[in-house]
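Student: Okay, here's what each chain looks like letter by letter:
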Amino acid sequence: MRIPYYPGCTLSTKAKGFDQAARQSFAALGIELAELKTWNCCGATFPLSRDNLLDLVGPVRNLVSAAAEGDKLAVACSTCFNVLKRSNLVMRNEEDKREKVNFFIEADYAGSVQVLHLLEILRDEVGWDNLAKAVKKNLADLSVAPYYGCMFLRPPKEMGFDDHENPQILENFIRALGAQVADYPHRAECCGNYIAAFDLETTKEMSYLILASARKAGADLIVTGCPLCQFNLDRWQQDLAMKHGGFRPIPVLYDTQLLGIALGLDATTFDLDKHYVDPRPILAEKGLI
Amino acid sequence: MKRIGVFICHCGINIAGTVDVKRVAEALKDYPGVVLATDYMYMCSDPGQSLIRQSIKEQNLEGVVVAACSPAMHEVTFRKASAQAGLNPYQTEIANIREQVSWVHQDDKEAATRKAIEHIKTIVEKVKYNESLIPLSLSLVKKALVIGGGIAGLQAAIDIATAGYPVVLVERSDRLGGHVGKLSGVYVNFNAARDLLESKLQAVQENPRIKVFLETEVEELGGYVGNFTAKLKHRGDNGGEPTFSEHTFGAVIVATGHSLRPLSKFGEYGGGRYPNVIDALTFERMLAPDGPTGGEIRRPSDGQVPRQVVFVQCAGSRDPEHHMPYCSKICCMYTAKQAALYRQRVPDGQAYVFYIDIRSQGRDYEEFVQSAMTEHDVLYVRGKVARLYEEDGKVIAWGADTLTGKPVEVQADLAVLATAVMPAEGAVELAQRLRIATDEHGFFSEAHPKLRPVESLTAGIFLAGTAQAPKDIPETVAQASAAAAKVLSLFSQRELVAEPTIAYVDEELCSGCGLCIPACPYQARAMHPWKHKAIVNEALCQGCGACVVACPNKACKLRNLTPSHVLAMMDAYLAEV
Chain A
1 MRIPYYPGCT
11 LSTKAKGFDQ
21 AARQSFAALG
31 IELAELKTWN
41 CCGATFPLSR
51 DNLLDLVGPV
61 RNLVSAAAEG
71 DKLAVACSTC
81 FNVLKRSNLV
91 MRNEEDKREK
101 VNFFIEADYA
111 GSVQVLHLLE
121 ILRDEVGWDN
131 LAKAVKKNLA
141 DLSVAPYYGC
151 MFLRPPKEMG
161 FDDHENPQIL
171 ENFIRALGAQ
181 VADYPHRAEC
191 CGNYIAAFDL
201 ETTKEMSYLI
211 LASARKAGAD
221 LIVTGCPLCQ
231 FNLDRWQQDL
241 AMKHGGFRPI
251 PVLYDTQLLG
261 IALGLDATTF
271 DLDKHYVDPR
281 PILAEKGLI
Chain B
1 MKRIGVFICH
11 CGINIAGTVD
21 VKRVAEALKD
31 YPGVVLATDY
41 MYMCSDPGQS
51 LIRQSIKEQN
61 LEGVVVAACS
71 PAMHEVTFRK
81 ASAQAGLNPY
91 QTEIANIREQ
101 VSWVHQDDKE
111 AATRKAIEHI
121 KTIVEKVKYN
131 ESLIPLSLSL
141 VKKALVIGGG
151 IAGLQAAIDI
161 ATAGYPVVLV
171 ERSDRLGGHV
181 GKLSGVYVNF
191 NAARDLLESK
201 LQAVQENPRI
211 KVFLETEVEE
221 LGGYVGNFTA
231 KLKHRGDNGG
241 EPTFSEHTFG
251 AVIVATGHSL
261 RPLSKFGEYG
271 GGRYPNVIDA
281 LTFERMLAPD
291 GPTGGEIRRP
301 SDGQVPRQVV
311 FVQCAGSRDP
321 EHHMPYCSKI
331 CCMYTAKQAA
341 LYRQRVPDGQ
351 AYVFYIDIRS
361 QGRDYEEFVQ
371 SAMTEHDVLY
381 VRGKVARLYE
391 EDGKVIAWGA
401 DTLTGKPVEV
411 QADLAVLATA
421 VMPAEGAVEL
431 AQRLRIATDE
441 HGFFSEAHPK
451 LRPVESLTAG
461 IFLAGTAQAP
471 KDIPETVAQA
481 SAAAAKVLSL
491 FSQRELVAEP
501 TIAYVDEELC
511 SGCGLCIPAC
521 PYQARAMHPW
531 KHKAIVNEAL
541 CQGCGACVVA
551 CPNKACKLRN
561 LTPSHVLAMM
571 DAYLAEV
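Residue numbers (this note's numbering), protein chains in the order written: chain A, 1 to 289; chain B, 1 to 577.
Keep in mind that a hint or two might mislead.
What the hints assert, rightly or not - Below, simulated PhoX-like cross-link-like pairs (lysine-lysine); rule was C-alpha separation at most 20 Å, straight line: (1) Lys394/B - Lys216/A; (2) Lys265/B - Lys157/A; (3) Lys450/B - Lys329/B.
Please keep in mind that the hints were generated in silico from the structure rather than gathered at the bench.
The structure displayed is predicted, hence computed values, not measured ones.
Chain B with its partners taken away, still in its complex shape (with noise of 0.2 Å):
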């Protein structure tokens, strides 16, 4: 009979306080199989990992129990530390007695403790029927996909191509650039948009390494990590049918950026209905060169050179009653550009910014929101605006100066919405094909809002840029640039090491039937090509058993979890204490 250690952990009193420890390591020491049952105060910690280790040379154990906390928490912990003593780590399991005794049953010690032998006495069965497994490797496509042909996404495959690896740049309009191609100048230095974006356009022309799909759509994404398989759509010639391409890849980036709450939401602002109220990026399209007015600003009604222009901040921000909750990041910023900008062009014009506060964190960024007050004269009235109106070809402004509590109306020629920053059309359409998360507005969602700000929850998938959520240029950069780093520490793994406490098919009982291959959620069951059994793509099997109960000749069974295992744990567990 295999020889087993049981190590019993207190987690100080986590357990120890409702367990009675002692107890059950005496009620286990005679255990059939139980060569050793000890406890100690954190068995995590690095003298409880030596004990068990020693335990192991010491008393030749084959195997290994440990009662403790959640198999989340520590099963990888506990398995390397058997695996450094020379035990198969799939000789390991953990009885969790934390989580599911002693922090459910505090007010019963007796029942608590009784609960925590017969548990163990489970778990000592099933390592008796555990095989020594060794992990899969799994095959590593060196290859990545970006999603999205903003600043963001030719960052990312910049970086990734000059370290060495191909890269496809898919864009699903006509053009590369994104938001940031419509600029006219970008805070704190007034800077040219369009140099920024061409230094790199430039770097991804002349990158062999990058291949760009433009008016090209990810129709679908199947696989995993290091497999991705991707079908792209790319739009037809003249309106013709689109055409389709298949291709594999180890990583994907997403960054498919933001849109702009459409002005039409602004039923107060009368947007969508007065031709003078505008929205920053129309505004920012007339200050660029390359503009509809040739840089030159023009009101839309009659073309004149508006000489009172009213700002409004967060448009449809910070309002969870009408629009949407959130600051939108960007907007105080840009706001004081385009207003020291209006003033440059139009000297003797005056320029009104209503804001509720100013948001200017970044070197630089608070003396330039100031700049723009003092050398630039922009007049910043702290209160929202309540209404726009046009009459007699003016934009009325209603607002309040809550400095003064007073109420203020300007009778101004243009008035710009700061409009808020939402995720892009069809952002929770692509989470979907990805199989990635959003947040509640659409934004993916980051797997960890603080330690792991650029993956997504789905291996082999990052983000970056505004898709995740507003930022600015520098920031955007930034995270593009990290996301293209997690790729490359996963491209510089020779290949990728997965489970093996997975599904498999005895091919003695298997009668071809193919009921298991609806019941897997993650596509992994099919059918041999010629064989008729059914087989497991190890790959994406996640072991979770669905397809074990669903075939009627116990054919298919979990690795460590057959029903020899469970028929034994199961005695165990009814047999009388």
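Next comes chain A alone, as it looks inside the complex (with noise of 0.2 Å):
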């Protein structure tokens, strides 16, 4: 099976493993993630106010590409899931917005195109059960933390493919793979995100709450599908285990790295050298690297 691929600027810059690690699982699968011919940013932010038609451009021209290539378009980065999949809803639903961007970009494009995030495709196409057949190693003695974020489940009207209250994909994906899912309560809260720019300490405390939750749960390692995410849960670590004494830093992965390493692929093109909190320790403990 071929589906285009949309990786987004963060998977080709700063979150290569994350990149790499979901081309190389999904192919395993008997997937091709097959990289749009032409794409840009998808303009990282979903445009709220009802005039704001020129933020739409961007993640537009990306759903033509798509549709030149496939009435699919598989994405891995939460935020640019969320922008794509909403500008997409609103060339499919709202007839004066569609009119006025496709006459701007010369298109016409009426919203065909299916946008999928990875885990949707693992669970609609491959399926949980023919994804635990395919797991190599035995993860069985490690515990995953899921961390859903924000963007993967709202607003949940037009995200819309799990219960944005109680969601369940990601634990079902941990499962399927072998693992522990570690129960904590703050699975989808926000991180913090873009107040890191403004104020990072409300920030830090933010993804604070969800690390330690996460640990006092047990949890060996925390899963996330978001690139951001993944950054503000990571980054401040050795700050906040200053700050909060008896707080064990906890290495955050993305989705698709866990995914890999399960499929029993060479990890060495999933960066995880590049992660804040090295996952290499407690991976190689449980004999998974």
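Assemble the dimeric complex from its two separately framed chains, guided by the hints.
Tutor: Right, here's the structure in full:
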């Protein structure tokens, strides 16, 4: 199976390991993630003001590119996924905006592409049972805390593929890989997002709530599908350990990195060494790398 | 030829502002059969009506056409006026020149005037063929069906039976009492709910006119006001096959109560996932002496007495984005009661109530809420709870105090959600079986929100209690008594009177093909048992005319709207003016 694939900026620069793990893992599962021939930045935020049509131009150009290559578009990054999926719904459902944006970019696009997150493809195209069968490594001794963040699930009426208050897709993913799910309450709480740019202390504390809670639930590591969440959760743990006595830093992996490891792929291209909290010791201790 | 009078109403300027009423009167004056054509400012007023009565007598009129507003407004008025003057009311007809003429042709007075003339001539032709009809009288079964054995159904049954009429009370569960039977004490005096209920249960048991069927549902309801036929489904013993029984009733009261929005719908509060996040009815059972804890407040996870309890009001109410848009009405009051009772029983415990605003409308209600704050030291926090989660054996509530503008976190042992009041399970399906309407949420709709609050839109079916909308015990009991009073005023009549302008069958022409039977939307058509002719159930027929269209032999006709009527009307309408 071949699915057009939108990597996005972060996966092409700071989070290459996320991208590599995605492509290799899906190839191992028989799905070619075929990078779009042309693509640009998704815009990074979905425009919320009603008359901001210009910010739809970026994401819609990507959707137009995708439509030329197939009827689906696979996305790994939660933020790109959020912006592309919501922009696609605008093109599908809002005639006035559709006409103006199409006129501006000289296209004729009406939201035909199905924007899919990689986890959705694993759930709906591969299936958890088939994924479990493809797993090569034994993760039974690994406790993994799922972390959703906001972009992946909200707003629920538009994202709408899992219960935003009690999501299960990451849990099912972790179980399919054979690992333990660490149940903690803050798996869908905000990490601090862009607040980091102007109020770093707030972001740190918001992240700390999540990290400490996951640790308390016995997690060995956290998985997420969002580069910004990954950065916010990963980056400041040394500071937090200095501030909050007794806090032990916890590695934050991308979901595709854990997938690749479970599928028995060579993890050397997954950039595990680029994480601020090195995940290699715990993975080695569990016999996974 | 019939002597017909035409009365043209100005309706102030509603008609006369567009239609030249003088010209209309002039045009009708010499029309064949018309002996009088006159106009008046307001025909429905007392002088207008007396003009009609006087003219009937003086001119010896045999037919009357009132050119005025829709017959839905004043047909009854003018027929009554005619009857007072000794004219059979079915010789009086309305020509609607307001809704169908003046209001829709305001920009073309000439066309409106011509249309009014044509319209009135058409109705004059109809009146020429009208027969003098006598209203039908229908029998009336003076026995009531009450659906639902909660406090509303009990009260309605008691009132009807006390007045001397038999009542069948059906309840689908295995006991009477509904939600009131599950409560501890009630606001505003903490009286035991059990005692309130017992007095009603005793009255029901002692009244020989009330027959109670437990574990019974209404499977089918046919018929009409005065003559409903109900098929009741009784649950079989030990899971065996259900049994059925058939009954006839003159009136039905629907008192099926409510349900609560399930905890599982509250993902933001971990409803269904965290044992110490419970709904208020579960807490009520803890407070009740006959409850699972024998009246002791103990949290579900470990049976400990909770030292900090968070009460969350408006859980699922007033939240159009995620839950129900309406106010559930009872929660402000019972939350105050529950928090006060908690503080009485756990004197060193702390109760927090998160609220949007307090709605305490009722006698002594506001004072009651104030006493929860002042005498029982319940801490009221104005703001919504955003999230509840359990960690380290605590239920942690994140909320906002909108009076200080600060976020609030409470580490509690137990959280109690005042979950939204919802229609009872199966309410919409029951409404379909009873042919009554529901609102968009599934509560049964009243006929008029202000003037007919206890009637459904189906004659003879009345509503009581929370099946219609959220309400508390006194309101429920009041509405149940009101519904019973409606039933009693129905039963006080000797017989029911119905309009005679319905379908009939010309047996000479009927070939017994039966096409009219499926055509009828009211199940008013059947075959005669041995004549092989179609018959009309006069009580069910609404005079819609579907059978007339279906009949290939023109054997089926509507009274005072026969083919002769219609052809004459069309001739008049299509004639050159």
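Student: Evaluate each hint against the coordinates.
Tutor: Cross-check of the supplied hints:
1. Lys394/B - Lys216/A: Roughly 14 Å between the alpha carbons, so the hint for Lys394/B and Lys216/A holds.
2. Lys265/B - Lys157/A: holds, 15 Å
3. Lys450/B - Lys329/B: With Cα atoms ~18 Å apart, Lys450/B and Lys329/B stay inside 20 Å; holds.
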